[in-house]
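Line by line, the protein sequences give chains A and B. So the first sequence is numbered by my numbering: it starts at 120 and just counts up by one. So the second sequence is numbered by my numbering: it starts at 189 and just counts up by one.
You may find that some hints are simply not true.
Stated by the list, open to error - Just so you have them, the derived chain A footprint on chain B, three or more residues with Cβ under 8 Å: (1) 241 to 252; (2) 291 to 305.
To be verified - Reference listing, derived: stretches of chain A covered by chain B, where coverage requires no fewer than 3 residues with Cβ under 8 Å from a Cβ of chain B: (3) 125 to 133; (4) 207 to 216.
Calculated directly from the structure, the hints in this document are not laboratory data. It should be emphasised that the depicted structure is a prediction, and the values quoted were computed from it without experimental measurement. Glycine is no exception: its CB is placed at the ideal position from the N, C-alpha and C atoms.
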Amino acid sequence: MRNVGRAFAAELRKLTTTRLWWVLAIIMVGYLGLVSAGFAAVFALAASGDAATAAQLPGAGASQAAALLPYSFASSTGYVFVLVFTVMTVTQEWRHATLGPTFLQIPRRGTVLAAKLATGAVAGAAGAVLALLASIGAGALVLLSTGGDPRLGDPEVWSYAGRTVLALALWGVIGIGVGTLMRNQIAAIVTVLAFTQFVQPLLRVAGGFWEPAAVVVDYLPGSASDALSGLSIYSVLGGMPGLSWWLGAVVLAIYAVVFAALGAALSWRRDVTN
Amino acid sequence: MPTGASIVVEGLSKSFGARTVVNGLDFTVRPGVVTGFLGPNGAGKTTTLRMILGLVRPSAGRALFDGAAYRELAEPQQQVGAMLDASSFHPGRTARGHLLVAATAGGFPRERADELLRLVGLAESADRRVGQFSTGMRQRLGLALALLGDPGVLILDEPLNGLDPEGIRWVRSLLRGLAQEGRTVLISSHLLSEVEQVVDDVLILSRGRLVAQGPLSALRTRTQERTIVDSPDRPALATALGEAGLEAREGRHGFVVTGSTPEEVGGIAFRAGVQLCELRAAHADLEESFLALIADEDAAVAPPSTEETQP
């Protein structure tokens with residue numbers, strides 16, 4: 120047990136002794152802040168009825184959920200940053216040949232992997248807090264300054280925040296599993312970005328108008344994550360009911376377990392030759 | 189002061205697919221001395237060291253530290269300190285950062301990291317990122333990592349590579365001191381001359397097989413006796429040596445006669461009435477016998493070649 124604790128502390132120290140975490144954190148906070156502020160501004164225009172385009176905005180002013188849409192980027196976009204970060208924390212061990220020293224310091228590889236998975240969850244949760252601060256902070260600021268209602272006292276906002284922390288913690292664990300399985304840093308990042316930015320959105324849009332696809336679409340990791348956090352542009356756009364929040368959590372957790380198990384079985388026990 | 193465990197290697201082999209890179213190694217590395225693990229690049233030294241350290245799974249055999257495999261060690265950093273490739277560092281992490289990660293994993297206090305940075309002469313560069321380090325500085329950092337837990341056993345892969353002459357001298361005296369304290373010190377090198385001054389025992393590896401092991405002094409006596417002899421009348425000397433049945437090779441400074449002492453060669457020349465202008469014993473060349481050991485193995489494995497006879 121003592122060794123597990125040390126391994127976890129060592130993994131956390133690895134994350135904090137390189138620049139990657141704060142470089143990605145700055146990019147994420149800046150990006151989420153801008154997008155959330157932009158959406159809040161459009162919503163404010165829609166509410167005041169000034170903009171001609173406002174009327175065409177999907178679901179604008181229609182539902183309660185839509186009103187909170189500016190905040191939704193913390194989970195629906197923030198997870199990609201968490202995923203890329205935790206994938207890289209593992210693949211860089213191969214890239215810079217540091218896996219040898221890692222296993223020399225903690226020779227029980229299962230202990231190292233468990234420590235990394237736990238670190239992934241912590242990194243994901245911490246990333247969620249930053250993402251929520253950026254999205255809710257910037258969104259609420261714009262809503263307030265344009266005379267809108269930021270609804271910060273709304274329990275829906277806070278349950279969204281809490282479930283986003285859980286969702287991104289799970290994404291952090293998924294990233295560790297994916298990184299372990301793929302090993303190659305460039306390939307892993309390209310795959311993650313291609314899937315989350317291209318393949319998955321395409322499938323989800325297709326699911327909106329093609330019934331058979333919709334069943335599968337609900338179980339995509341991004342859909343499960345949105346179901347868990349409870350707020351996303353897809354739920355407003357397509358009006359799909361999706362999974363319940365807790366089922367979303369279960370599906371996301373299954374992804375985490377499957378990737379970690381595959382990584383442990385196929386990569387982690389290999390010879391470390393460089 | 190920690191004393192070292194013996195490293196016992198039994199029937200250690202490794203194949204990558206059809207290629208056997210390490211073939212049935214049996215040896216013991218004893219504490220209190222520096223053991224040199226020698227062989228040309230590609231002989232299988234690094235693979236062997238990685239098997240000993242549990243990073244590469246052996247195809248057969250095992251390596252034990254006082255009866256325990258590396259993976260079974262309760263406190264690995266306090267029992268075995270190892271240095272692998274000098275490039276095994278995250279370039280974006282500082283020297284201190286690397287040591288702090290290892291100290292955290294081993295449960296050592298923060299101050300231990302600074303202590304080691306001073307010991308290896310990197311205190312000034314503690315907060316520089318390793319990406320800016322020279323090979324010599326990386327070697328020093330690697331040594332600091334290996335010594336962090338004050339281990340009884342040290343396993344260092346090419347620790348003198350990339351060091352300047354001053355650094356080489358420093359590492360040699362450091363290793364000698366560590367062995368004198370009773371620790372087990374195993375270092376690899378592809379250059380005998382590089383470690384000749386510091387090693388007591390040698391293990392010589394060629395194409396995955398152990399071709400010699402034991403004290404360095406034993407390797408020295410393996411070298412055949414040779415005599416260097418010269419005469420103003422070289423043809424007469426060549427004839428005399430040939431009649432005596434000695435093998436002589438003509439060089440710039442006369443003849444090199446193998447398997448004979450200066451007394452015998454002098455006697456032959458005296459009886460033949462050949463005047464000599466030089467007669468002395470050639471001192472045993474360690475590097476040469478090392479190369480001969482490796483070459484023997486190569487000749488045994490290499491297919492017979494007909495091209496060598498062509499100009």
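A quick look at each hint next to the structure:
1. 241 to 252: Result for this restraint: holds, n = 5.
2. 291 to 305: Satisfied; 4 residues make the cut.
3. 125 to 133: Coverage by chain B holds for the region 125 to 133 of chain A (6 residues, Cβ < 8 Å).
4. 207 to 216: holds (count 3)
The structure agrees with every numbered hint stated previously.
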